[in-house]
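Undergrad: Sequence:
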Amino acid sequence: MTQALPMRAPMGIGKLLDTVFRLYRAHFGRAVLTAAIFFVPVGLISSVLLGVTMSSYLQFFAAALDQPVAA
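If you count the sequence shown from 1, position 58 lands on 57 in numbering that gives the first Met the number 0, and the numbers rise without skipping.
Source of the hints: derived by calculation from the structure; they are not laboratory data.
Since the structure is predicted, the reported quantities are computational estimates derived from the model, not experimental observations.
Don't be surprised by glycine CBs; every beta carbon is placed ideally from N, CA and C.
Don't take every hint at face value.
Cβ pair distances, simulated, as ranges [as the list claims (entries may be wrong)]:
#	residue 1	residue 2	range
1	L57	V31	32 to 40 Å
2	A3	Q58	55 to 63 Å
3	P5	L43	24 to 32 Å
4	A63	G42	29 to 37 Å
5	I12	A61	52 to 60 Å
6	A34	A62	48 to 56 Å
7	T52	R24	36 to 44 Å
8	T18	S54	43 to 51 Å
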């Protein structure tokens with residue numbers, strides 16, 4: 000693995016953006032894998048919990064719609 004050279008002077012915005020995009024391009028697969036390891040389980044858990052919550056709401060609204068309106 001190559002070692003990065005220490006920065007000698009503050010970078011301008013152009014050099015900073017160039018360095019950031021070069022870093023993302025070099026490690027894109029690793030960044031996507033790291034994000035997927037976190038976000039896929041969280042997304043699955045939240046989908047299950049949202050489904051359970053929404054099904055109880057739908058049952059509540061269906062029961063409310065089935066009751067006649069008192070005049």
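Undergrad: Run every hint past the structure and note whether it holds.
TA: Verification of the supplied hints:
1. L57 / V31: 32 to 40 Å: 35 Å, holds
2. A3 / Q58: 55 to 63 Å: 57 Å, holds
3. P5 / L43: 24 to 32 Å: For L43 against P5, whose Cβ atoms are near 42 Å apart, the range 24 to 32 Å is violated.
4. A63 / G42: 29 to 37 Å: Holds, since A63 and G42 (Cβ atoms, about 31 Å apart) stay within the stated range.
5. I12 / A61: 52 to 60 Å: 56 Å, holds
6. A34 / A62: 48 to 56 Å: 41 Å, violated
7. T52 / R24: 36 to 44 Å: Cβ of T52 to Cβ of R24: about 41 Å, so the range 36 to 44 Å holds.
8. T18 / S54: 43 to 51 Å: Holds, at about 49 Å.
The structure does not agree with the numbered hints 3 and 6 stated previously, though it agrees with the rest.
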